[in-house]
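For the record, the sequence lines run as chains E and U.
For the first sequence, the working numbering assigns the number 1 to the initial residue and increments by one for each residue that follows.
For the second sequence, the working numbering assigns the number 578 to the initial residue and increments by one for each residue that follows.
In case anyone wonders, no lab produced these hints; they're calculated from the structure.
Mixed in with the good hints there might be a few duds.
[Unchecked claim] Think about it this way: if two alpha-carbon atoms lie no more than 20 Å apart in a straight line, the pair counts; the simulated EDC-like pairs of lysine to aspartate or glutamate are:
no., chain 1, residue 1, chain 2, residue 2
1, E, Lys10, U, Asp807
2, E, Lys505, U, Glu1079
3, E, Lys302, E, Glu120
4, U, Lys805, E, Glu120
5, E, Lys505, U, Glu1131
6, U, Lys876, E, Glu123
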Amino acid sequence: MNRMLFQHSKYASGVVLLTILLGVMGVGATIAQLVFLSKVVNSVFLAHGTLAQVGPLLLLLLGLIVVRAALTWLREVTAQQAAIRVKSALRLRLFAHLLQLGPAYSKSESTGELVATASEGIERLDAYVSRYLPQIALSVLVPLMIAAYIFPIDWISAALLLVTAPIIPLLMFLVGSYAEKHIQRQWLALSRMSASFLDAVQGLPTLKMFGRSGAAAERVARLSNAFGERTLKVLRVAFLSGMVLEFMASAAIGLVAVILGVRLIDNNITFESAFLVLLLTPEFYRPLRELGVARHAGMEGKAAAKRIIEILQAPLPVQTVATSCKPLANPLAITCAGVTYTYPGSERSALSGVNLTLPAGSCTALVGRSGAGKSTLVNLLLRFMDAQDGSITVNDIPLSALPIETWREYIALVPQRPYLFYGNVLANIRMARPSASAQEIIEAAELAGAAEFINQLPRGYETEIGERGARLSAGQAQRIAIARAFLKDAPLLILDEPTSSLDPKSEMLIRQALERLMHNRTALVIAHRYNTIASAEQIAIMEHGKIVEIGKPERLLQQDGSYTQLMEMYRKVRVTI
Amino acid sequence: MKVFLRLLSFLSAFRWLVALAILLGSLMIASNMLLLGMAAYLIAAAALGPLLAILTIPIYIVRLMSVSRAGSRYAERVVSHNVTFRLLAQLRTWVYRRLEPLAPAYLHKQRSGDMLTRIVADVDELQNVYLRIVSPIIVAIIISLLTFALFSIFSPVLAWDAVAFLIITGCGVPLLSGILTRGLGKRQLAIRGELNAQIVDGIQGVPDLLAYGQADTQLRSVATLEKKLDQIQQRMAVIAGLQQALNDLLMNLALWSLLILAIPLVVAKAIAGVYLAFLALVILASFEAVQPLAEAFQKLGHSVAAGERLFKVTDTNPQVQEPVAPLPVPSNTPGRFSLEFDHVHFAYQSDEGQVVHDISFEVSTGKRIAIVGASGAGKSTLVNLALRFWDPDKGTIRLNGHDLRQYALGDLRGLIGVVSQDAYLFNDTIRGNLLLARPEASDSEIEQALEQAQLTAYIQQLPKGLATWVGEQGLRLSGGERQRLAIARALLKDAPLLVLDEATANLDPMTEHTLLDALDMLMQGRTTLVITHRLVRMERMDEILVLDEGSIRERGTHEQLLRSGGLYQQMVQLQEGILSLT
Chain E
1 MNRMLFQHSK YASGVVLLTI LLGVMGVGAT IAQLVFLSKV VNSVFLAHGT
51 LAQVGPLLLL LLGLIVVRAA LTWLREVTAQ QAAIRVKSAL RLRLFAHLLQ
101 LGPAYSKSES TGELVATASE GIERLDAYVS RYLPQIALSV LVPLMIAAYI
151 FPIDWISAAL LLVTAPIIPL LMFLVGSYAE KHIQRQWLAL SRMSASFLDA
201 VQGLPTLKMF GRSGAAAERV ARLSNAFGER TLKVLRVAFL SGMVLEFMAS
251 AAIGLVAVIL GVRLIDNNIT FESAFLVLLL TPEFYRPLRE LGVARHAGME
301 GKAAAKRIIE ILQAPLPVQT VATSCKPLAN PLAITCAGVT YTYPGSERSA
351 LSGVNLTLPA GSCTALVGRS GAGKSTLVNL LLRFMDAQDG SITVNDIPLS
401 ALPIETWREY IALVPQRPYL FYGNVLANIR MARPSASAQE IIEAAELAGA
451 AEFINQLPRG YETEIGERGA RLSAGQAQRI AIARAFLKDA PLLILDEPTS
501 SLDPKSEMLI RQALERLMHN RTALVIAHRY NTIASAEQIA IMEHGKIVEI
551 GKPERLLQQD GSYTQLMEMY RKVRVTI
Chain U
578 MKVFLRLLSF LSAFRWLVAL AILLGSLMIA SNMLLLGMAA YLIAAAALGP
628 LLAILTIPIY IVRLMSVSRA GSRYAERVVS HNVTFRLLAQ LRTWVYRRLE
678 PLAPAYLHKQ RSGDMLTRIV ADVDELQNVY LRIVSPIIVA IIISLLTFAL
728 FSIFSPVLAW DAVAFLIITG CGVPLLSGIL TRGLGKRQLA IRGELNAQIV
778 DGIQGVPDLL AYGQADTQLR SVATLEKKLD QIQQRMAVIA GLQQALNDLL
828 MNLALWSLLI LAIPLVVAKA IAGVYLAFLA LVILASFEAV QPLAEAFQKL
878 GHSVAAGERL FKVTDTNPQV QEPVAPLPVP SNTPGRFSLE FDHVHFAYQS
928 DEGQVVHDIS FEVSTGKRIA IVGASGAGKS TLVNLALRFW DPDKGTIRLN
978 GHDLRQYALG DLRGLIGVVS QDAYLFNDTI RGNLLLARPE ASDSEIEQAL
1028 EQAQLTAYIQ QLPKGLATWV GEQGLRLSGG ERQRLAIARA LLKDAPLLVL
1078 DEATANLDPM TEHTLLDALD MLMQGRTTLV ITHRLVRMER MDEILVLDEG
1128 SIRERGTHEQ LLRSGGLYQQ MVQLQEGILS LT
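Turn these sequences into a full structure, and let the hints steer you where they fit.
Next up, the structure:
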């Protein structure tokens, strides 16, 4: 898994190795430092040396102190460097991949979760790369180094340390995995509980409407306390592993001291050496301690990494083998023959054997209940996915033969919920044709019936909209989307419920704009409103992924089939005049 | 500072626990100091004399300290996490209680979605006040005092030297670090915010981006921002490294200066040489207490900022006040429920235009009134006023002839059932969501409500039926299903007054058709106010009010309004279009 994380950033793994090297060098400086310390203390304590006599030793000690601090600085910077490289490379890769996966992928996942993974999830890799990974290596190298140094001085202590060393991570691992299991069991309950506060706060108006907001306060308290209790139960077990480490390290220090003490009494070892061994013992356990600290953040990072890799490995929905490069002649005629598509992980097919022709320069209305498959067909036309069976041809050329980006240049889409981007009105419309001039954009806005409300915004066309800007109503957003379509001036028009959020007056304004837009273009309109579909030249009715009726409105009425039923429905719902 | 003290006050509810945790934290570090110090003394003493017996006490102390160290560490972690969770629960309850009277009035002014998530995030941040701020600071102070006391036994010079270094490390380094990163921190936040916005755009707006071939452009802007972020993070890494290095340096310099000061004292026999090793290790071990302080001060800044934001919201006075002596709730039988608006004027904010202007109408018991008009005409505002989420600027609203302000808010809202356009469903089971309306409702009442809302078939085909979880991690309901659930909820509430606020907008005609039948069911025998811009089944209304830009332009029955050839007729014709059918 680490390989997959590092493959996207050059040199990052090298930087991690450098971090480890610097860590090892730091330990070398520490050992040297402690050697001098023990010399100084020995000199003064047993040899009755004066300050002047130990002066040179002290100066060397000072020098080592500075060197060690410098190495610490370098190591920290290097560790961060590795993390920064990995994070940025991965974030870009992930984002690019998500863009390529397109709406087909984000439809089945939760976009909120994807966004969280791409922004915070990646940040969690920081501790994993900068602390956890180097620490794993260091917690093996450093104890070995120290034990190796101690061995010639006092092999008993060295043996003791080496024996305890593997036991500690083993015990920690055992306790850790036991805690993991507990956490897993609680996870669903825990995450529901932690989301409950936001839920209660967001639902306050509703709660007030039902007069339940007071009771909800008690519920908030109860759930928060329950959450705390449950988590504490898990933590009580999780913390045991830390306690084991701490106890073993402390007990080892005590034991080493006793062993050394006995040897000293027996005159088996010099004070200087004994003191050095004692000084080195806590350093032996330090990397393991730091590994314990880094572990928690490391585990979070690992989980995030797993998810990121999962997304990166998701197969792309469209394989392009572009063979044709000729420009297409306007107007376009689209033919779908036997088109079938099933969403991954779904049992029922969204579309089965759809036969539909969009004649050149005409408007086809696609009607059906929600879930009938209309949006799927749109997605296939936009080549967000490829049909699994059947074919779609454009002017008799198979859609799969065209390069995807080129094909999309021929389409103007007005989606059901147009997305407004972080930027001003001008930029939001301009995205349809980046080379357009401001004048052209304003014209497009006027044609779309959007100019009026735009001019009333605080800064007109320069007003910031989108997530962090002014909130536009659904109707206003739809008009911006229509302005985009006007600006793009593409031969194929796909309109997905273009007037669903509008009141009758706005709807009429838009309808006029749409009629202007559809003039001389091939158009596919998905709609529910009678007004929108009545003016189409051809109507197709979709049910459960199949086209059940298709034809001109008058002819369909005569057939007394689904279309007629639909009209009856409209009649019932209509106002009686 | 005041903010921080306010934050601290939340801990007072369990101050004994806090004191215990701090005690354990100090014990943990002191144990280590004594462990290492005694071990050093043990060796030094052994080097001096041949008797093992001298070592008995030090050995005993060392053993005791290893147990004490491990035990107190464990206990400290458990107790301090306990404190943290309790603090979190306290905060959440308190914030909720303060928010409750403010919603939705205050929240309307802000961008409510953002603000709510920020409130929740701020509360989450504040739970760290104890664990990462209060505890390390107090423990550091205690340990510094202990070190001072211990070293004074040997020589006041040593004591001052030790404490000086402890203070420099504990206060000086964080201060330096804070100064160096101040501007960087802000810039990092700003760029992170922009980066996130672009990522959100890229993921949520992917159909639009791909359809207009703008994916590459989006990718490039993300890449540019990423590079900027990297640069800032690199600079912050240098400072973070400096901080670590300084901590290290100062700790060792403390040791070094101790040696410089202590050696002459040993030479002059003011201190026994056997204690030199002891002193060296004790001072090194004492730094464990001051090293977390850098993070503590940083978190202090964040927490105070979070606290400020939070208090700004919670300190607001609610728009709407409870009456001092509320009127009793009118009983359900014989059932007189009328709602009257009397020359009501209202604007959300004083500098904005009036949203509703001189509105007067009455909905008598059992009658149905419809308010129609274009979106933004002020219709939903009337609902908010009727529910007393706001009070009108001028004029009065009356329930059964009495001013709304005279009723207790809970009682008032208990009398009104609302089905709105975007019904909020909670992260709970379907049953839980329904019982919100009336917790004591029986199963048969629930079933009846579901049937009338035409949901029975749908619930039956769910594997867990009513126990199915809805919301964030549960069922994704379609618009029609959501609305029907809202209707079932209103049915279950069985309130005498009913408000339907755009209950069928955005639904396809077939779903709308089924819902209208359910709504008819709901309206029977209830005083109803219907808000809509979809003009369907209007002939069943007792009166229709046409609202345009906040004022009532026309009123009458459906037939009357059609005949008068005004705004209403226009709206109807627009909706129906020019028919050339059959």
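Could you work out which earlier hints the structure fails to respect and list their numbers in ascending sequence? none
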